[in-house]
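Asks: The lines below spell out each chain.
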Amino acid sequence: MAAIVIDHIGMRFGGTVALDDISLTVADGELVALLGPSGCGKTTLLRIIAGLQTETSGRVLIGERDMSGIPPRRRGLAMVFQNYAVFPHMRVRDNIAFGLRMTGAAAARIERQVARAAGLLHIEPLLDRYPAQLSGGQRQRVAVARALAVEPAVMLMDEPLSNLDALLRLEMRADLKTVLREAGTTTLYVTHDQTEAMGLADRIAVMAQGRIDQVASPSDIYRYPATRFVAGFLGTPPMNFLALPVMDGAVALGNVRLAAPAGATPVVLGVRPEDLVASTELEGFAFTTQVTEPLGAHTLLTGQAEGGLLRVIVPPDLRPAAGSVLFLRPHLDRLSWFDPASGAALEHTA
Amino acid sequence: MTLRRAIFLAAVATLCAWVLVPIYLIMLGAIGGEATVNAWPKPFWPITWSLAALRQFMNIAGVWQSTLYSVEAASLCMVIAIALGAPAGYALARYRFRGATGFRLFVLLTRAFPVAILALPLAVSFIRLGLYDSPIGVGLMHSVLAMPFAVLISASLFQAIPRELEEAAWIFGCSGPGAFFRVVLPLALPGITATAIFAFVISWNEVFAASVLTVRHRTLTAYLLTVLSESPLHTQFAGGFILIVPSVLFILLVRRQLFSMWGIASR
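Chains E and U, in that order, give the protein sequences. Numbering-wise, this note's numbering comes out as the position in the first sequence, counting from 1, plus 15. Numbering-wise, this note's numbering comes out as the position in the second sequence, counting from 1, plus 20.
Excised from the complex, chain U in its bound form (with noise of 0.2 Å):
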């Protein structure tokens, strides 16, 4: 094995442990009882297998209700996010306009603001707007959060379609939107579902705005804030668990889907 060979794998070693290790240790704390949790130094395995935490989490009045909240909030935010940063991407991508540059900057901008900042004054508007402590308010918080994201991650997967391509099909009888859903949009669509993925998690991990926008309709992370800290350790563990697992369950799907399309073995 030559150095090269072992770095590269030792990098990679490190940066699995990097994601795995807290996973795990928050899977050990979840399952393996108050025991296993207050137990020094941890043990590998569980002390004792109990899914006695997380069916007393699953328990806790309101969990359910919240989760619902979470899910529409992260789908309205999934569903803006893509709906309006797809073409403003595309646009990016292939339109030489004027200000393209300053749009890119301004996209960027509006992550600049501390959402600390803009909490106020928004919970003030949606007040008015009739739209503060709803999941639909949260959401759309959270589509400007994921927006940015959204517009310049698929701006860069349209400029990777060449355009040569769109080009073939207007010549070979498709009109410009025609070329665009054929086309194009089949070749981006692994990159705009991850994009999607991304903004449905953004939305999900997001807890400040939640917090400041919701009194009684929190998303499930806004809630657990409150209702955790008065909570024994391993329920939390149980609570931080079932937290992480749609997105891992996300992102594995998601990359089967990524690299099986069209007989592409890797990208």
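Here chain E stands alone, though its shape is the one from the complex (with noise of 0.2 Å):
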């Protein structure tokens, strides 16, 4: 078992910065998911550390080796691709087997460790098949197999279930969670897709344009945002923001007066949509529907609020016409207020 440090990690391609100064520490046996946009540099992070790709600057560390100039296979870790990338040519048998045997594991050995992976992973049944036999899902839990079966210090995964359809997504993560739990590897888990991420991980790093914005819990992550891009990335809908001025050191929601945080003049309110709480009575902030989606357990509404657009969720028996108006109260204890210039989180009340 080893940590990872990546220490001031920076990568340009031509006069494009990819990763601007990257530092971030996986601890002994943590799942790190490593969340962002496409695009924002966490794949080229991920092959930097696999040593697929070399850094421009800085160095990583794996169970404090540096890693500089040390290729692949003498990183002491394991990968699990997008596209799965196993061997066709191979059985699944050998394909699982295929890391231990080029450490020339003996045979007892290796058999041990594919029975063992297959096992972990449900896939017995489908040892004697070519990949070709297999559908994704399959596929996919065999790379996953592969990867356990040389029980790697490190194990980087890059986007392994976003080829899969949404419920074997889900069942495939729920499968993830235990097994890597199990096996108890430090993982750095890459993606874009904000539900992985927090479901899976221990701590989440947030990236955006090559650098991390947050490294956090997800309840953390999610609760004290420490910009207004990690807060408006997760939540499913996103955070509402309201740029508002600020008048005698508070800000006016209708009749609701909040107290800004000191020195801002104009200040962007951020509040998710499940702290807003709706009423027909005169109380809160007026907003006017323009879409009620009912969802089944929930109802979402979009609308306009002074300060911007809003999206709420409301009861499911809540069904407000279009253009109807509602007052909206929010949770004074679930607020947080964002620079509207750099987008930095201000505060967070509590």
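Since the hints were made in silico from the structure, they are not lab data.
Computed list of chain E residues with no C-beta within reach of chain U, every gap over 10 Å:
no., residue
1, L76
2, D217
3, S234
4, A274
5, R349
Per the computed footprint, the stretches of chain U lying under chain E, defined by three or more beta-carbons under 8 Å from a beta-carbon of chain E, are:
no., region
6, 180-186
7, 203-211
Have a look at the derived ranges for each label pair, beta carbon to beta carbon:
no., chain 1, residue 1, chain 2, residue 2, range
8, U, L128, E, T31, 30 to 36 Å
9, E, L182, U, A132, 53 to 59 Å
10, U, R124, E, A312, 53 to 59 Å
11, E, D217, U, P197, 36 to 42 Å
12, U, L125, E, A42, 52 to 58 Å
13, E, A147, U, A139, 45 to 51 Å
Remember, it's a predicted structure, so these values are computed and weren't measured experimentally. Using N, Cα and C, we set each Cβ at its ideal position, and we do this for glycine too.
Take the two lone chains and join them into the complex the hints point to.
Replies: This is the structure we're talking about:
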């Protein structure tokens, strides 16, 4: 087992900066999700750790060993690729055994490890098939089993579930969590799917434009986002942002007065759709409904309020017609304030 | 049956006929004896069954020797085309280097000059090098003809193999060459085999360069060209038939090989 230390990694492609001075530590046995939109550099970072690409500056340490100039095969890691990358000319059994065979492990150990990895991922009946005879979900299981079989110190996963359909993804996510916890492998998990990151990770590192905006536990990152980008990227539907003027150190939201963070003049108030309580009584601020979406467990309203567009989650039986006016009251202990210029969080009420 | 399907079947039938009818006619002439060759309209079955023409053809002095020369030249052509062409194709597929596009064009340019123009200077150089009138010289010439195909076909073969497979091999313990031999090569092998056979057949069928570059040590095609023009018609058919057989056999064998690999039903 080993920790991953990413030490001031920079990556430049010609004139464009893909990774800008990234530092991150994944503790021994921890699962950290690298979450970000496509093109933010998360896959590049993962490939640098794997040794498939060479960083422009900085260094990577795995288990306190400097990885600079060390080829992928000597880094003591395993990787699961987005498109599975299962070897088509080998049976499932040989695919899973591949890594161990390369290390020259004894036949008995290979057999034991293959059986164990196949068991963890429920693919024992498929061991003698070729990948062409498997479904996408089964191939992905083979890819994960191949990585687990070598008992790596470090596991890298590059959007392993993104090629699967929604239901399969849900099932596979739960299985992955069990398997990775059992193995206790240090894991860096790249994804653009916030649900995946929230569900799997011990900590999430949110990346945007080649930088890490915030690293925190799923609940902290959801509750205390460090930037407006993080706040907007996590949560479905995303957090609402209202640009509001500050007068006498306070912000007026209808008949609610909220104390603004010190020193702010205009300010952006962030409030999650589920942190607004709707009522027809004149309490809080006015909200004109534009779209009503009954989603079963709750109803999602989209509409206009003072300061901008707003989404609200309300109980399932509340279904206002388009154009009707509701009054919204925010949970005062779950507000976030952001600087309108930099997007940095100024304060979270608690 | 829908119209689309009818058109499709008609096209398939035409293509099959395009290939099979000439082969059938040659076969008819080869085993039907003189009577069948001279009959008009052509009977569907040979009038007389006889292997006499084939036997007679095989007994022409020098046929076996020149078959051997043909095999030598074609094997050399095949080996060179793959040994040089496949690595060049791999480089084109995997690495971005200065002049890659130029190189593609340059490879094709070797086919831009008619062999007729190259023949004389080539003959002179071969005489100087001591390669003239030898199957090795012919094989070298043929490998130049086969090279563009070998390079471009293998480039697209390697391109079709996802880079991630190679990367996965590196991660799971392979060195660069290790990953190539354990993962990339086995996957490209069916295609490379086909390319090799193709190179072999190019050389086997080539007659012009072979005729110019040899005098006494002729390959089969070049030898037959001189001999058959003085033979009766049914012997010519027999010669043609024997020339076709190896190519057809090769292709049938390779096809089976190509389609049955690794449980992949069709490609």
